[in-house]
Amino acid sequence: MELFANLLGKIEALSSQNVLILSSLIMALIMALVMAACAIVFTWMERKVAAFLQSRYGPMRVGHWHGVAQPVADMLKILQKEDIIPAEADRTLFTLAPVVIFIGSLLAWAAIPFAPGFIASDLDLGLLYIFAVSSLAVIGILMAGWASNNKWSLYGAARGAAQMVSYEIPLALSTVPVVLYTASLNMNDIVIAQQGGVANWFLFRDPFLFVAFVVYFICSIAEVNRGPFDMPETESELVAGYHTEYTGMRWAFFFLSEYANLFLVSCIATAVFLGGWWAPIPGLPLAPALNFIVKSVLLVFLHMWVRWTLPRLRVDQLMYLCWKVMIPIALICVIGSGIWLMVSGQAS
Amino acid sequence: MATDDRNLSAATGWAEQDDVPEMPSELLEINMGPQHPATHGVLRLLIETDGEIVAKVTPHIGYLHRCAEKIAEGLNYKQWVVYTDRFDYLAPMCCNHAYVTAVERLLGVEMPDRVEYLRVIAAELSRIASHLIAIATFGLDMGAWTPLLYCFREREEILNLLERLSGGRMLYNYMIPGGVRFDVPEDGWCEDTRTFIDMLENKKIGDYNTLLSYNKIFIERTADIGVISREDAFAYGCTGPVLRGSGVQFDCRKDDPYSVYDQFEFEIPYGTGEQGTVGDCWDRYMVRVREVIQSCRIVRQALEKLPPGPIMSDQVKKVMRVGPGAAYTRVESAKGEMGHYLIADGGQKPFRNKVRSPSFCNLQILEKIGPGMMVSDLVATVGSLDIVLGEIDR
Amino acid sequence: MEFAAICTLLSTKLGDGVLELHEEGVEPWVDMKPDQIAAAAHLLRELPELDFNQLMCLSGIDWDGLDEKGKGKSVAILGYSADGKPETSDRVGEGDLGVAYHLYSHQHGHKFTLRVRVPRGAATLPSVAEIWPTGAWHEREAWDLVGIRFTGHPDLRRILLDDSWVGHPLRKDYQMPGRWDLAPLEGKPYSVNPHQKPMEPPPAGDADGSGGEG
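Here the protein sequences line up with chains A, B and C, keeping their order. So for the first sequence, our numbering puts the first residue at 1; every next one is plus one. So for the second sequence, our numbering puts the first residue at 1; every next one is plus one. So for the third sequence, our numbering puts the first residue at 1; every next one is plus one.
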């Protein structure tokens, strides 16, 4: 990772037009690889975490050590699966939906700062951009649910659309206090503002920010449609929700983007609240990218822990939680943080 | 059918709350099942929904129908035991017990004490196993995966114990009219059973309560949902945990004693509306959790008092002729009141054997309480009824 | 309340000679004429001294060929012979059909058994589903498997077998169909879906029982 960072830093320093295009392409490729790696690492991790929580072993055979090659075997299996499009399905939308969802999660990676200089596109509106493109997934889910011509899929799509549209509001609102501190939406700026040890992370800057982080974490679970907020899938009610009719590689795309999104929301949380690439104690000789990834993976573990522990909410309770609990709390955090900022004199 | 325009506000009562202009709309007709993760077997619910609200539920059953009662007329009394295992395949010992009790009542013979004690131990272990599955799958219906694995881990222990006792893990064929097939194995079975019972009662049930029963989300999902009133429970013939969940302290083991249940001390848990209304899903669920504890008590007492003696009655001949006579005999199976109406003509085969299975009656109430709830609540309600299609379809 | 007391109470309300008491055996029961069953059911449910609020069981019975002497000479099971061909029943279908009602009162803790016989040709009984809603499914089962009609039943359809099934299997003269024979379906589909196009009837040359499974 550091090697790449240095390399890219040098390439970008040249700042010639052609080289910029080249570096963008390389970056896009890296991000696509990161996404694929996410899916591979996190499917294995999810199985192991679930097994650990459920007092069993999980995959143990493939790849000798604790089934590390299991995701590869899974991928090979999925590749071989028959690709079925239901006879009455809307073929265009049906084939397009997984791609739309995948692109939605791929685009958002452009503005994630893994390490100093290691960011695909250092946008001034980085945070806003991430939230904007990640809502593409809603369209993908609606397309998939509608095109499948399956009532359960339609239910899943309707639930998913309602849920994701709703939860984007508290999700974005909970990051606003941080923006008040940095006065910038640039992801690099946000991370740089947290330079130093744990005390400088936005998580611990003021109590409202801590609450905002909790709100962000809860809403991010809903945003990536995982338990206890997995309304679009709800395997015990809607069979498999919006991807009931999908098989093989198309289904794998949904799977891929679920884990990519999971890592994405964790990365955003790391960058915004948990100090990004800065080590917990200043001066620790840790690679910045390693800091960043370890923090994000810990958050992913937290996501998995929650998923395998809690029962699922009902769809109306989910909406209640969003509109009547999360959004007011997020708003209070915004106001409270602003006041705290003024009183403590940290305003920039 | 679904294309009819309907007055939805009348069907669901929801539109009345808002000033919604009258719009033509239609109900969505969905088949929940026979292949559906939440229907606990091959149950098909034809539901008509208005968005997330269920307007009508029609259960369609019979996918597992084997016409077992016809088979009964062609088999002799001992052969038929094998088929009783297959009714409630999650608690086959209870089904065995129901049948042998019915036959022995017609025969008019008393079993040796050891036989009855062994039957009680086996049936109660089976009941615990069945309730563990009920807890597990109910949690799964609520989206809680982990309790499922925990409960199956404990059930596995019971299966191991019953395997050592009877040789079978799922379908035991252990009790026969006139006794039980095997005595307790002499490899410390009783001690192992006692250890397991202690572990389950003192530790595991507390774990389940912490993890699931008193979880805030779980209570939100189950309290005040699928309320069955006392009167409805009687009218629809609900029995077992479903009836007790509605606040009725009735248990065949106490109120219509059979076997040696009158020699044990245990309580009948019943729904009190602790988290919501009496007779909601949570009450029914909790009755099962508490019954596990009571079954543990019964097993412990039975193991303590286990008398010596033969395991077969000498009053029952090898070639068994029953009757003539007819009797309806009921026992408390894991799911409720399991009854056998046995008409014997003095021969080796039953003339007619009607099986009254608890799930058959318990499921029926879904048509009554289903309309007006959300799809998710319907899943919760079906889960809380704890049906087994093997005994519904017979 | 004891069995005799219940019978006395019922007799005073219904009139003498309606009940036919059978107090021998393990379980005493009462025989009754079909035309009295509705009135009796109402009384059993509604009289506060009786208050039978639970219908434990409702069994449809075919009495054809019952060995009245109790020697166990009743009809044998029909099954399949060694070559898989169904055996034919030697019963021609005589004797009555019947229903047994088993009642329980949670209030008083007493039980009661009521039996009724109907002639085979006119196997019709008034439904008790209005009085005990649980009877609805039991009566559907009795109709499905034994073939007793219940008048006034809210929804008398087959319950365990398919709607297109021919015959009532628990009748003693029921002829077993061939194992994979489509004959009982009469070429109709297993289930009727109003939105589905009608199914092709099975090919004519496929009547030897080797045809595909539904």
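Think of the hints as simulated: they come from the structure by calculation, not from any bench. Note that this is a predicted model, so its numbers are computed, not measured. Errors might be hidden in some of the hints.
Calculated lysine-lysine pairs in the BS3-like style (CA-CA distance at most 27 Å, straight line) [as the list claims (entries may be wrong)]:
id, chain 1, residue 1, chain 2, residue 2
1, A, Lys324, B, Lys216
2, C, Lys69, B, Lys78
3, B, Lys254, B, Lys216
4, B, Lys216, B, Lys203
5, A, Lys48, B, Lys204
6, A, Lys151, B, Lys305
7, B, Lys216, B, Lys204
Now for the hints, and whether the structure bears them out:
no.: 1; hint: A:Lys324 <-> B:Lys216; in the structure: holds, 17 Å
no.: 2; hint: C:Lys69 <-> B:Lys78; in the structure: holds, 23 Å
no.: 3; hint: B:Lys254 <-> B:Lys216; in the structure: violated, 34 Å
no.: 4; hint: B:Lys216 <-> B:Lys203; in the structure: holds, 21 Å
no.: 5; hint: A:Lys48 <-> B:Lys204; in the structure: holds, 23 Å
no.: 6; hint: A:Lys151 <-> B:Lys305; in the structure: violated, 57 Å
no.: 7; hint: B:Lys216 <-> B:Lys204; in the structure: holds, 19 Å
Checked against the numbered hints given earlier, this structure breaks hints 3, 6; the rest are met.
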